[in-house]
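In order, the protein sequence lines correspond to chains A and B. Residues in the first sequence are numbered from 1 upward in steps of one, following full-length UniProt numbering. Residues in the second sequence are numbered from 1 upward in steps of one, following full-length UniProt numbering.
Fair warning: there could be bad hints in the mix.
[What the hints assert, rightly or not] Per the computed footprint, the stretches of chain A lying under chain B, defined by three or more beta-carbons under 8 angstroms from a beta-carbon of chain B, are:
| id | segment |
| --- | --- |
| 1 | 271-284 |
| 2 | 412-423 |
| 3 | 435-444 |
| 4 | 453-465 |
[Stated by the list, open to error] Straight-line C-alpha distance at most 30 angstroms; calculated DSS-like pairs for lysine-lysine:
| id | chain 1 | residue 1 | chain 2 | residue 2 |
| --- | --- | --- | --- | --- |
| 5 | B | LYS32 | A | LYS364 |
| 6 | A | LYS502 | A | LYS411 |
| 7 | A | LYS32 | B | LYS516 |
| 8 | B | LYS446 | A | LYS32 |
| 9 | A | LYS446 | A | LYS531 |
| 10 | B | LYS322 | A | LYS32 |
| 11 | B | LYS502 | B | LYS382 |
| 12 | B | LYS499 | A | LYS382 |
| 13 | A | LYS322 | B | LYS32 |
| 14 | B | LYS499 | B | LYS540 |
Simulated from the structure, these hints should not be mistaken for lab results. Fair warning: this is a prediction, and the values are worked out from it, not measured in the lab. A virtual CB, placed ideally from N, CA and C, is assigned to each residue, including glycine.
Number of protein chains: 2
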Amino acid sequence: MLPTRIIPPTASAHPYPLLIKSLLLSGGRYEKTREIVYRDRVRYSYATFNERVARLANVLSAAGVKAGDTVAVMDWDSHRYLECMFAIPMLGAVLHTINIRLSPEQILYTMNHAEDKFVLVNSEFVPLYNGIASQLTTVEKTLLLTDEEKKGADLPALVGEYEQLLAAASPHYDFADFDENSVATTFYTTGTTGNPKGVYFTHRQLVLHTLSMATTMGSLDSIRLLGSDDVYMPITPMFHVHAWGVPYVATLLGIKQVYPGRYEPELLVQLIEQEKVTFSHCVPTILQMLMNTPSAQGRDFGGMKMIIGGSALNRTLYDTAKARGIQLTAAYGMSETCPLISCAYINEELLAGSEDERITYRIKAGVPVPLVEAAIMDADGKILPANGEAQGELVLRAPWLTQGYFREPEKGQELWAHGWMHTGDVATIDGMGFIDIRDRIKDVIKTGGEWISSLELEDLISRHPAVREVAVVGVVDPQWGERPFALLVLHADQTLDAKGLKEHLKPYVEQGHINKWAIPTQIALVTEIPKTSVGKLDKKRIRVDIAQWQAAGSAFLSTL
Amino acid sequence: MLPTRIIPPTASAHPYPLLIKSLLLSGGRYEKTREIVYRDRVRYSYATFNERVARLANVLSAAGVKAGDTVAVMDWDSHRYLECMFAIPMLGAVLHTINIRLSPEQILYTMNHAEDKFVLVNSEFVPLYNGIASQLTTVEKTLLLTDEEKKGADLPALVGEYEQLLAAASPHYDFADFDENSVATTFYTTGTTGNPKGVYFTHRQLVLHTLSMATTMGSLDSIRLLGSDDVYMPITPMFHVHAWGVPYVATLLGIKQVYPGRYEPELLVQLIEQEKVTFSHCVPTILQMLMNTPSAQGRDFGGMKMIIGGSALNRTLYDTAKARGIQLTAAYGMSETCPLISCAYINEELLAGSEDERITYRIKAGVPVPLVEAAIMDADGKILPANGEAQGELVLRAPWLTQGYFREPEKGQELWAHGWMHTGDVATIDGMGFIDIRDRIKDVIKTGGEWISSLELEDLISRHPAVREVAVVGVVDPQWGERPFALLVLHADQTLDAKGLKEHLKPYVEQGHINKWAIPTQIALVTEIPKTSVGKLDKKRIRVDIAQWQAAGSAFLSTL
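With the hints as extra help, turn the sequences into a complete structure.
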């Protein structure tokens, strides 16, 4: 370490640790009249929000929650969840956002592994909770969250119902300072193998992530993607990487926030219209669903801005959204990265170019946001040149990357090999700093000594007018090692076979976009493509399905 | 300290300290084609800028600069200064920005007190430097900065000339990580009594200040005050609180930056026009000067946005600027605060109100920016209510306040009494969080048991059409304790006496804005009001002048 000059602070000086409370206490409280809305059920001001966070802190303290305890939440996206995102960490406790899309067995595993002591349970999940309650090893008390009139439930060790408890609590709480490196939140990633892994983020990390995201969304693009006059609604679950951290940004900026509960497409469209939502974010499949829902047919979304992440954004979806009045910008991140790492904001060089070129950049993973350094690395830990050509694993440094996996030190060492965080994604980085994700390392198809990006193939196949959705995976081939296999969902009344797909892809081979080995020799037409709990293509499941079909000689396969 | 959960990081994880290098390495480098401009003399791209920072680091290292050393700069605002703002701290050294408006004796004092080891001297300051060189106790080497053809100078221990040294150096430097609490910059405040005091800021502080300022300017206001499409030029010297920290923000955002050298009003106007400057900041007196300069007469500044700080912004100046196409926003800060603390951005409540009301808020000190907490305190250290009525000393908490005065621990304790940083300003805070500065504590006029704000009086007096500039101070009065005394500069061909001023102020007394004791019984008409080295009214000097005039029975005093 360099012998720099470090001066001990004056004894009476306030050290000002970076704590989540400062996002609330120095931010949103100045916009007292702005609203926080939950479906068509609840609507209140930031002034009330601040009071409710204090009330919740009093309720939890009275229930026995202490600094260092883990408090879990099982809820749909709600104002209550937002209150928990502040009150729980502000007590020095750890918020565990339970992924309620996991199987009961996996939820049980994560709750025991995270050592949850208190659980806030939405009445809709009471049957699920009671199904695993007897096997929970650390839970001491429960709280009920409900939209129903009935404020009771058959929950073990129930302290009471959220609203009733809040109403009876004091609206004042003097939140203490503590070490900014205290864990604030934890949740579990669903890998394709083994048990879910727990990632965790500290107060310092969440504050820095919030500031960097605010700067990115407010200042870095040619347009203001998110600012004080926007209305925000997440369409990425709050259990999934804190709804990408945007609720913290929105609260800091004091903007109107809308929480839609469970994601019902009709309700989402209705809330967007009624509450004049201007900013949201989601994965591509959810956007598809939103635009295809009956009440959205023919509707113009009037300049709404959306960040797309989680999976690659393709040109077809970008253009479709544009035609419906939605301005998309791609961003990149993952559970391990808090999550924002890069955003496809447009620089001066691109502004000077053509609209078409700009769009090809708007749908890439983007440029690292402030305080993020990205590089690509080969298998030996060597950094490769950022020349837009060299492919390697995308590795990262930033102040808000998970510093390990909870109670799994060996996996943490793997994640952080060579002093960089490994994403498991194959990428290039070009001279402007744009990251282009080529594939998940394990989804790359290795055929005849060549590497084929399944993502690139999916993008090209999705341009066929008959194709509504596509997934490409590599399947074992005795001659070539692996061969690409395409799973297709077609638009109504459309047909396509392997030969037709080959015809469609031929021009791309001729133009050099892909090599001829990339043309799938086998395809399957299906009505639905398996997705993970957070809406991504579930390629692990797809590979299992394909193996079963092949074994059964299934009739809906089409072969060249 | 609360027993929160703290998990030791994975051994191989990168800790990512908050260092100034990350503002450069994760920010501006993605805007490679944007320009940095110095007068009409130098123009280069961010790509070159990055290389030059590395070159400078190599030059300084070769000259012997080591981590912990203090490296001083005596320059006008320039691209070189910007390079120093990065390269010097990025080496782990401390940048001392010398206030070249101080007297030679004071400069000498600050250089010895700061323990400067290396000094970069603009050729214009060589005579000044050589005048004090023999008394400098710690300086080992000098570098010459010059716009002249001649690249030599008679400087003791001269290493060489900046451009020649940079040209010969490698454009690569691998900047090391170090403790984010390392001191990065230092400079001296000129108090009204005693020697200048050294404040200092760490890497962590400057990074957090930058992110908070970017969020404030980009997202918090109803308009985007500063964003990727702006062109920035400071009109606050870089030696003065890092030009309020905006060069760091501008670099992070990768926007075009223009540095005007010495502040010559004609050149400033020319650069604003030629380089299409859209964002700047200055103290009120400089803005006056800019708008009054001959070449600016009748010119419309076409939507330029300016932050005004350092002194109170009054309505007259706001309206005058507005009529010239300049949108002003007040902000508040001081040398001890890095400096941004609050900004008069407009919230939803005010947006719903009248334009006139909005303007009364646009010219207040504003609302604390993200990560700043403000309160008002009485003399016993008790926090007073934020009700817009209670007056007390404005006290602050934020991650970027100087943690003391360099080598003056007792003064640091005073600054940080009761765990809050004391500003020395009397203020109110209203229910929306708006800070309204009433006066410097020592400038408040105590008359007949009442407190009169000299700032408020100055504002009301400045509304008289004959008045171009005004300063009000309290002078000792045997009967009342103190009485207000007004120093006036009138517009050409105008007259005003104490009686006329009384007539002007009477309605304000009747409307209850001020009490009748606030009407000055003595005024002096002068051609210029003394200013400090950073352009503020020099009330210490004014009091001395008045005492001398009174002793001499000076004829240009007018008495009721």
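Mind listing which of the numbered hints don't hold for this structure, in increasing order? Checked against the structure, the hints that fail are numbers 1, 3, 4, 6, 7, 8, 11 and 12, while the rest are satisfied.
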